Amino acid sequence: MKFLKVDMSQKTVTLEDVKSDYAGLGGRGLTSTMINAEVPAECDPLGPDNKLIFAPGILSGTSAVNTSRISIGAKSPLTGGIKESNVGGTVATALGRLGIAAIIVDGQAAANELFLLKIDRSGEASLVPGDEYKGMRTYALVEKLLSTYGEKNGVLCIGPAGEFQLGSASIQASDVDGRPCRAAGRGGMGAVMGAKGLKAIVVELGAKNSEALTDPEAFKTASKAIVKAIKENPFTGQILPSAGTAALLGMVNGLGAFPTRNATAGQFEGADNISGEKLAEVITERGGKTTHVGCTQCIVKCSNEYVDKNGKFVTSSLEYETLWSMGGMLGIDDLDAIATLDFLADDIGLDSINAGVALGVAMDAGHKKFGDSQAAIDMMEEIAKGSEFGKILGNGPEAVGKHFNHHRVPAVKGQSIAAYDPRGMQGNGVTFATSPMGADHTAGNLVGEYLTGALNPLEAEGQIEASRNAQIAMAALDCTGFCLLAEPALAAPGATEAFIELLNAKLGTQMGIEDYTNMGIQTLKAEKEFNRKAGLTTKDDRLPKFFYEEALSPHNKVFSIKDEDLDSIFDF
Amino acid sequence: MKIRVKLRGTLPHKFPEYDHQQGLDIDIADEASVQDLLNHLQLTDSDKCAIAIDGRIAKAEQKLKGLTSVNIFQIAHGG
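Taken in sequence, the protein lines are chains A and B.
Take 1 as the starting number for the first sequence in the working numbering and just add one per residue.
Take 1 as the starting number for the second sequence in the working numbering and just add one per residue.
None of these hints come from the bench; they were simulated from the model.
Each hint should be verified, as a subset may be incorrect.
[Stated by the list, open to error] Only pairs whose alpha carbons sit at most 30 Å apart, straight line, appear in this in silico DSSO-like list of lysine-lysine:
| no. | chain 1 | residue 1 | chain 2 | residue 2 |
| --- | --- | --- | --- | --- |
| 1 | B | Lys14 | A | Lys231 |
| 2 | B | Lys59 | A | Lys562 |
| 3 | A | Lys228 | B | Lys14 |
| 4 | A | Lys144 | A | Lys134 |
[To be verified] Here are a few chain B residues that sit away from chain A, every Cβ distance over 12 Å (derived from the structure):
| no. | residue |
| --- | --- |
| 5 | Glu17 |
| 6 | Asp25 |
| 7 | Ile28 |
[Stated by the list, open to error] Computed list of chain B residues with no C-beta within reach of chain A, every gap over 10 Å:
| no. | residue |
| --- | --- |
| 8 | Lys2 |
| 9 | Arg4 |
| 10 | Phe15 |
| 11 | Leu24 |
| 12 | Leu41 |
| 13 | Gln42 |
| 14 | Glu61 |
Please read these numbers as outputs of a predicted model, since none were measured by experiment.
All residues carry an ideal CB built from backbone N, CA and C; glycine is no exception.
In isolation and in its complexed conformation, chain B is listed as follows (with noise of 0.2 Å):
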């Protein structure tokens, strides 16, 4: 299935080509998981990733099925 990607705070820089306005477009499994996805684009527990799936925070084993767009961010605190 084809997702939309947008990436969040220094998300980005990994990846040259990125469009802020367009986000990635992804090619991936139908029964892909968050941790797939992660895997995927090669971002590992290092980049303090967050995925936000219908304004909740999702699990690992959670499936991506149906979504057509997803928001990577980074772990952030308040100030």
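Just chain A, with the same shape it has in the complex (with noise of 0.2 Å):
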């Protein structure tokens, strides 16, 4: 394998062989490791000395299905620690393919200096100028890199946010289908591109897959029993091509952990007009999508296409938490409005969590009316303009928040929360706080354990145990490349065992269950220290007072989780 390295400061671009204390790694335990060893922890996130690398996870490139997620990881603007930011699409597969098992920007251009970098099937990379695309959106930029290099290129993006360097900038990936709508949102990666120059990275798809399997036929087995998992579990299997991620909605309303209006309650009012099975009735009446393939290789097919009353695309994919952060956060119950607001997010390079949250935050500041849907659009529009206003609104709740006086900000290290609120999910708020990623619902979210009952949401008793478990579980599956939403197949009988398969028939090792959950506790163990050295400490793991202060209806509870439980979560 090979680390394509970019500086920006210089203008070279050179393939190196992977250095044997990297071997073995992909995804996030392969950016955070690296970040940890090689990027100053103090360093300006949006200077020459922070590296935004792209490395695809482990299985990435192969042929097992639902393995086409890239980690992109840096110091973050936003939080000031350590992220990674994982995202689907082709790109993953195609850089497998390659034989790539990072790209590393390291270096700045200089201001108002714009670049591509372009890789074509051979492996072949080089910097293009790219002042031409700038101040474009990503929608335009992707049709216009497509029409210039060919449909079979895939593309990680940055819009007006990234080029901004704005806190919510996210990096977005074009879909099989070639339009950038899929998001790594999280933790400012946009801005981190932005500020190093680059505009987008496109890399042209259908390379043969130049690494061998150490052992194809246990590979081929192994995969074959992660199919029949996917498709047999009802998750994954049936609710997720037939609802997405939206499915959720209902059932975390209907659990009081809605956060809704700023989380000021736990139920939204207007949930049924934009649950998962009205998204779906609505979709279906329009000739849209319920069910899509966004990304390589993927069976689940969660993704959808929303259309307009005239059938025409608005968006894809409308997801959860998307429906939540534009939508009840927002109290606004129209789906129209929140497709629209979606595609803006996707289109000006925005976390659609981070972004939506922050207009909450100024909503519940008094600068306008929940529920006001044309004012949620314009600030997202005076977001793209990059006014002052707009750029306050771009970096996120605590930027907003400091802006209006306004201290009901739902984040953590300056990120938002998602869509589960911890007063109604303890376990969910553990994660929030202690996560070194910042609030991420993907970092461990226990949502599956509470609607199973084998967890109680409201209670504090088992919420540190399982949120550490979730987390190290987590940390695990970011570096193999496969997607999040597909692992709850892994629990039927066999299908963990035959997914340490695939690794160990990739790589030649020799590794159980134990192995891979170290990898887990390896990862965070790097970004616990990285942030430690950036000067975050305990203080940093901690939820915005007013969730222990503020009772959350319906079921009046404040967060519970006593602060020396938080801190000794990660005591491995």
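Relying on the hints, combine the two individually framed chains into one complex.
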């Protein structure tokens, strides 16, 4: 495997063998280990010393299904700590097939310089001047890039928010249809890319796999077992293809943990109008797609295509988190408005979660009324313009809270929570507080535990242990390139063993479950170490005060996990 | 007693006449439990159902008495 090193100061691109220190690592394990080892922890995240690393998972580029996740890591301008944000689409598989373990972007172009990184199917890579793409939104940008370089290319890119180096700026990934609608949203990775002077990475698809598997027969057998497990699991085989992640909305709202109107209530009276079931009904009536493949080699098909009343494409994919951040959090129960806001987030290059919550804080502070969808759209356009207030909004909820001197800011380490109120799902609050990533639902989500009745979401008991286990499991999974949404299928008898067999057959290792778990632990340790060096302390592992003080309806609960218990979570 | 049932996830597919706005109106014994309701609707373990009552996941033996409506979900995981 090779590292593709891009020096934006010198404008050089070099291919190097992977150093032995990083052998066998992939995805989040690779980005976090390398950042901890090579990035000065106190550096300016938007300066030349930060490194922006794009690492496909260990299994990306193989024939295994649902392995198209790419981890994007750097020191975060939003949290001040380490960050990994992963995304699907087509690029991870393309890089994996080229034998590229990571693209490492270092240095910084001069102000106002902008470049593309172009990689062809033979692995030749070069920096191309990109002045003509300055200021472009992502849909127009990707259309132009695919017209220039051909449709059989995958794109990772930034929009205006990334060029403005805003804390909520995402890196957008093109899906299998060539739309930049998948987002590495969290942590402001788009701002780091913008600060480097890199507008897009364009990777030609279709390279032949350059990396031989150590044991092709074992890999094939294990792959079949994973396909079977995904198809037979009711969640991955039926619910996700039918309703997507939006299926969660009715459930979380039903349990009173759906943060509504900037987390002032736990149930949204308009939930039935924006639920997964309603979404599927509207899409079907209008001739859109409730089942859609967004990422290479995906068999779950949780994506959708939302269309307007005339059947015209609006956005893909409308997901649970955005139905919340642009819906319930803003008091908006109009699917058309939420779909427009989702499209704008992708087009401007913004994390729809952080951006939505920033609008929610502005509404809570009295800037606009909850439920005013046109005001929400106008605020998104303000971000795209780069006006002074637009930049405040685009820097996320904490910046908005400071601007309005408003204390109700649902964020940890500067990053907004996701669609689970910590008072209604205490363990998710533990994850939000303690994850080295800042508040991040993908770092360790316990909603499945609550729905099965295995854990009481309202009581403190058991939450620390459950969050710890989930955070370790997610950190390990994020190393592999395997999709989080296919992961529940690994609970089937023999499926986890088959999954580890995939890794062994790829790498030539003899890992067991304990070794796989250890991959997650080592990744978390590297992340905690980097954050400590960057100056983050246990005081940063806390939820905002209002979660401890304001009881949430309908259960009238506050967040009740003790500080000393939060501080013990990573005692390993 | 009469109880209105709202079905989530793929559960409505099992009831061709199901109306998302109205749900299903069921006649069930006054002493019926959560499990009795699932049996009445012929929903089994493989359907991975969960019922929330008063914002909490109900146990199989919990009685439905006094309720006018319930939501039946399918167990899902986060993403």
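Here's how the hints hold up against the structure:
1. B:Lys14 with A:Lys231: 19 Å, holds
2. B:Lys59 with A:Lys562: Cα-Cα ~28 Å, so holds.
3. A:Lys228 with B:Lys14: Satisfied, since the Cα-Cα distance of roughly 23 Å is no more than 30 Å.
4. A:Lys144 with A:Lys134: 12 Å, holds
5. Glu17: 15 Å, holds
6. Asp25: 17 Å, holds
7. Ile28: 20 Å, holds
8. Lys2: Lys2 (chain B) clear of chain A: closest Cβ-Cβ about 20 Å, beyond 10 Å.
9. Arg4: 13 Å, holds
10. Phe15: Phe15 (chain B) clear of chain A: closest Cβ-Cβ about 13 Å, beyond 10 Å.
11. Leu24: 13 Å, holds
12. Leu41: 16 Å, holds
13. Gln42: Given a closest Cβ separation of 16 Å, the condition holds.
14. Glu61: 12 Å, holds
The structure agrees with every numbered hint stated previously.
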